[in-house]
Amino acid sequence: MGMKFIVLVVIVLVVIAVAQIMRVYELSKKIRGKSEADIDLRTNNINAGLMLAFLALFFGSFFYMLFAYGRGMLPNASSKLGLEVDWLYNVNWVIVILVFVITNSLLFVFAWKYAYDPKRRAHWFPHDNKLEMIWTVVPACVLAVIIILGLMTWNDITGKPSDDAKIIEIYGKQFDWTARYAGDDNKLGFADYKLVGAYGDYSNPLGVITEKHVKWQVASLDNQMKTIHEQLDAQAHGTEMYSVANVNKLVAKVEKLDRIKERLLRMNLMYGDSIDTYAMDDYMTKELFLVKDQEYQIILRSQDVLHSAYFPHFRAQMNCVPGMRTNLKFTPIHTTQEMREITGNPEFNFILMCNKICGVSHSNMKMMVYVGTQEEYDQWANLDEGNITMVVNDSLVAPEVNLVPKPLPGANAHGGGHGDHGDHGDDNHDSAH
Amino acid sequence: MSAAAHTEHGHHHKESFITKYIFSQDHKMIGKQFLVTAIFMAVVAVILSVLFRIQLAWPGESNSVLNFFLGDKWAPEGILDRGMYLGLVTIHGTIMVFFVLTGGLSGTFSNLLIPLQIGARDMASGLLNMISYWLFFLSSILMLYSLFLETGPASAGWTIYPPLSVYEEAIPGSGAGMTMWLTSMTIFIASSLLGSLNYIVTVLNLRTKGMKMTRLPLTIWAFFVTAIIGVLSFPVLVSAVVLMLMDRTLGTSFYVNDTMIGGEILEQSGGSPILYEHLFWFLGHPEVYIVLLPALGLTSEIIANNARKPIFGYRAMIGSILAIAFLSFIVWGHHMFISGMNPFLGGVFVFTTLLIAIPSAVKVFNYITTLWKGNLRFTPAMLFSIGLVSAFITGGVTGIILADSALDIAVHDTYFVVAHFHVVMGLSAIFGMFAGVYHWFPKMYGRMMNSKLGMVHFWLTLVSAYGVFFPMHFVGIGGAPRRYYDYSVYELFDKVQFEMIMDLNVVISIFAIIGALAQIIFLFNFFYSTSKGEKATQNPWKGNSLEWTTPVEHIHGNWPGAIPEVHRWPYDYSKPGAEEDFIPQTVPLAPGEEDH
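Chains Y and L supply the protein sequences, listed in that same order.
Okay, so the first sequence: first residue is 1 according to the working numbering, each after it adds one.
Okay, so the second sequence: first residue is 1 according to the working numbering, each after it adds one.
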C-alpha cells in the first residue's frame, strides 16, 4: 500500500512541475508577443522534414518486416484450391502494395514539399473534371479485374465437390472437436442433438440416430423423469422438504423432459425403419487423418455455440452453426512428412483451430491433422491402433421402451397420430447424410 | 470538471449553475459534455487494451500491473483470468466503437459545429439534445458498471454473437454482464437517435440566409449524412438487441436452435444465429461510416484551412460521401462470408463491397491534390489530418483483400482483420477526433492548446499507432486467430512460427504501451489549456466558415446581433485577386466574382 501511495505522490508532483514549466513557457511566449496561432517557420520546417523521415521509416520497416518476418507467415498452401487462393493473393498484393506505396508517398512528399513559405501563395485549384474522371475510372477498372478474378475463385471454392470426395463430419463443442468418418458407404448417418448423451458405459457424443440410440435416450429420459417424480412424491409425503421455488423448478424440468421425449418419439416415427442404413459403419476420432490428393467434403455441425473450423494451411474456413449443417471442401496436396521437408521444420503439423469466440477456453480448442498416403491411413484407421474412439455398430443392447408418442392435441379430429405434422418439421433439418 | 473551469465569462443570460453546466440545453456546452465523457471512456478503453496486450505479449507471466488494476479476483498472482481477458476485449471494442467514436465524435462535433457553421442560434430542439447527452451518460455509466459485476462484464466479443451471448452456462459474462450490455446499448441507441434526428432537422431547416446546401462546409455534409445513416441503421440494432433479450429471458428462439449447453438439452428450436448476424451487421457496417465520415468531414475542413487552398473537388467530395453512405447499406454480408450464408449472396456482397473503394479512392486523391501546391501550416490539427489520410489509405487497401471472399476465408477472424479495422476505422476516426479537438479548441474553451506539445503528441501517436497495427497484419497472415488468450496452440504445429508471432506480439505490446503513455501529453495539454491556455482570438486559424465570426466568449444564441448572411462557399482560400489568403463566407461576392 505504501508503494502505491508513493507512486501517487510522485505522479501528482510531476504533474504540478510540468504545469509550472508550462506557465513559464506561456509567459515567455507572451513577452515575446508570440501566439499559438502564429506560424513558427522553424517548427513548421521541422515538421515538414519529419514527414519525409516518417515516410522513410514507414517503408523501411515495411520492407524489413517483409524480409525478416516472411517466415512467420503461413507456408504455401497445401491444398489444390489453396494454390488458386495463393495466386489470387499475389495478384491482389501487387495491386494493394503498389497503391499503398504510391499514395502514401504522394501524401508525405507533398506535405514535405509544400510546407509554408511566407513568400509563396497557394495555387488556386478548386477542381478539375478530367483529373477527377481519371481517378474514378481507373480504380473502377482495377476493381473490376479484382472482382472478376475473386468471384471466379470463390465459385471454385464454394462449388459442389466431385463425386469422389470423401465425406467427414467435424463436430464442434466447447472446447473440442470430434471427427466422424462416413465409413465404406461414404454416407453419414443422420444425427440429432436430442440424442446426444451417455447411457451407462455407452455414449453418443454426436447424436447419431439409430434405433437403439433412440431407445437408450428414451430410457435415459424416462429415468431422469422417474427420479424427479420420486423427489416430488417424497415432498408430497413429507419425507423431504423442498422450497416452493425448488418444487416449481422440478415440475418445470420434468415437463420439459417430457416434451423433449415426445419430440424425439415423433422424430423417430418420421424416420421409420431407414435410420440405421447409413450410420452403422460411421466411426469417430479425436484426430483427423487425411489422404494426400484425396478430395474431402467436410460437414460441420456444432452442439452449443458458434465455432469456426479453420484450417490455415488448406486456406479453408467455415463456421459451425448450431442447428444447421455447413460444409467446406479441400484436397490436401502434401503429406505431413513432405511439409516438414518443405518448411525445413521437422516438428511441423497441420492443425484445425477454432476461430470463432466460443467461450473461456476458446484458444485451446484444436484438433491435430495429419496427411499421409492411403497405406498410412489404413494403418492409422486400424482399430487396434486406438485412434478410433468409437464405431457405430449393432453391438449395443438396447432397453425395451415404448416408442409410441402421445397423440397430438386435436389429433383425433384429423385421424392423425402419424407424427409428420408440420409443427415438428424442424427436427429433421439438421439430420442428413 | 473542465466545463466548469472556464465559463466565468458567459454572462449573457442569467442562468443557474445547474442549467448552465449540468442540464444545459446549449449546443456548445452539450458538445463539450460529450467530449469530456468520451475522453474519460477512451481512457478506460485504452487501459483495458494495455491490460490485454500485456497478456498477449507475456502470457502466463505474473505482472503487478494486471493485479493493480484487476485485483485478486481477475488477476490472481498477477496472471490474467481467461474469462476476464475476453471481457476486456469485448468492453474495449464496445466502448471504442460506440462510446468514443460514435457518441464522442458525432456528439461533440455535430453539436458544436452544426449550429455554428450553418448560422443557427442553437439546435432545432435543445431539450432533445440535452436528453440525448444524458442518455449517453447513463449508458456510459451502465457499461462501466458492468466491469464490476461478480460474474464479469459481457465477454462474447463486441459483436455478441448468439448462442454464446444468450446462455449464461456458455460463458460467465453472458449472465448479468450481458444483460447490462444490452440495456446500456439500448439506451445508447436512443441517445444516438435523438441526436441524429436533431442534426438532420437542424441542417435542413435552420441554415442562415444564403447558406445553400452547396455552400455548406464539408464537415456539415459529413455530419448530416452520418446522422441519416444512424437513423436508418441503429433501429435495426435495437430490434436485434431486444430480440436477444427475449431469447435470454422469455425463452423465445429467434437466434437459437437445437442447442445443448453444459450437457443439458435445451428446448429452444427453430431460430438462427445467422439472423442475428444479419441484423447486427446491418447496423455494424454502416456504423463504420458513422465513425469515419465525421472524421473525414473534420479533416476536409482542416486540410483546406491549413493548406490555404480550397478543398479539391468540393462537389465530388459531397458525391463520394453520398455514394459511401448509400453503399454502406448493401455491404453488410462481407462480415459473413463464412457464416454459412448462401455463397451466391456472398458473391453479391463482394461486388458491392469493392465498389466502395471507388468513392474512397476519390476522397484520398482529392485530399492529396488539396495538399499539392498548397502552403501548409503544420498545426497539430493539420498533422493529425495528414495522419488520418495515411491511415485511411493503409487501412483501406487491406480492405480490398478482406472484401474478396475467396481471400477473406484464409484470414477471416485473424489479426489481419483486427489490424485492418483498427487502422481504417480506429486510427482514422481517432486522428480525425484529435484534429478536431486541436482545431476547434479555441471555439470550445476560448483558449489555445499548446501546439508544441500537440506536435510531440502527434508524432509519438503516429509512430506508435503504426508500430501497433502494422506488425499485426503479419501476425494475422500467420493465421493467428483473434480473441485468443494465448498462442500456446501454435507450439503444437509450428514452433518456428510460434516464436515469430510471439516476437511480434511483444513489439506490438511495447508500442501499445508507448502509445497509451503518449496520450497523457494530450490529456495534460487539454485540461491545462481549458483554464490556463493562451487566450484565443476570434479567428486564430484565419478560417472562412461562420463559427469564426462568433465571439470568443460563449453566449447563448451564438451571435450577439443578427445572424450573418452567407455569400459564398467556405473554401475561398488564396483566391486570385483577393488581398488576404482567405475570404470569410460573410463577405459578399465582388462585382464580377464567381461563386465556386
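Warning: the hint list may mix true and false statements.
[What the hints assert, rightly or not] Pair by pair, the computed Cβ-Cβ distance ranges are:
| hint | chain 1 | residue 1 | chain 2 | residue 2 | range |
| --- | --- | --- | --- | --- | --- |
| 1 | Y | A17 | L | L127 | 42 to 48 Å |
| 2 | Y | V138 | L | L517 | 55 to 61 Å |
| 3 | L | E77 | Y | A68 | 44 to 50 Å |
| 4 | Y | Q235 | L | G78 | 46 to 52 Å |
| 5 | L | V348 | Y | V404 | 45 to 51 Å |
| 6 | Y | V137 | L | H596 | 40 to 46 Å |
[To be verified] What the simulated footprint calls covered on chain Y by chain L, stretch by stretch (three residues with Cβ under 8 Å from a Cβ of chain L suffice, anywhere in the stretch; the number is not a length):
| hint | region |
| --- | --- |
| 7 | 9 to 19 |
| 8 | 45 to 54 |
| 9 | 106 to 113 |
| 10 | 143 to 155 |
| 11 | 237 to 249 |
| 12 | 323 to 334 |
Derived from the structure by calculation, the hints contain no laboratory data.
Quantities reported herein were computed from a predicted structural model and do not represent experimental measurements.
We treat Cβ as the ideally placed atom computed from N, Cα and C, and that holds for glycine.
Requested in this report: Of all the hints given earlier, name the ones this structure violates by number, lowest first.
Outcome: 2, 3, 6, 11
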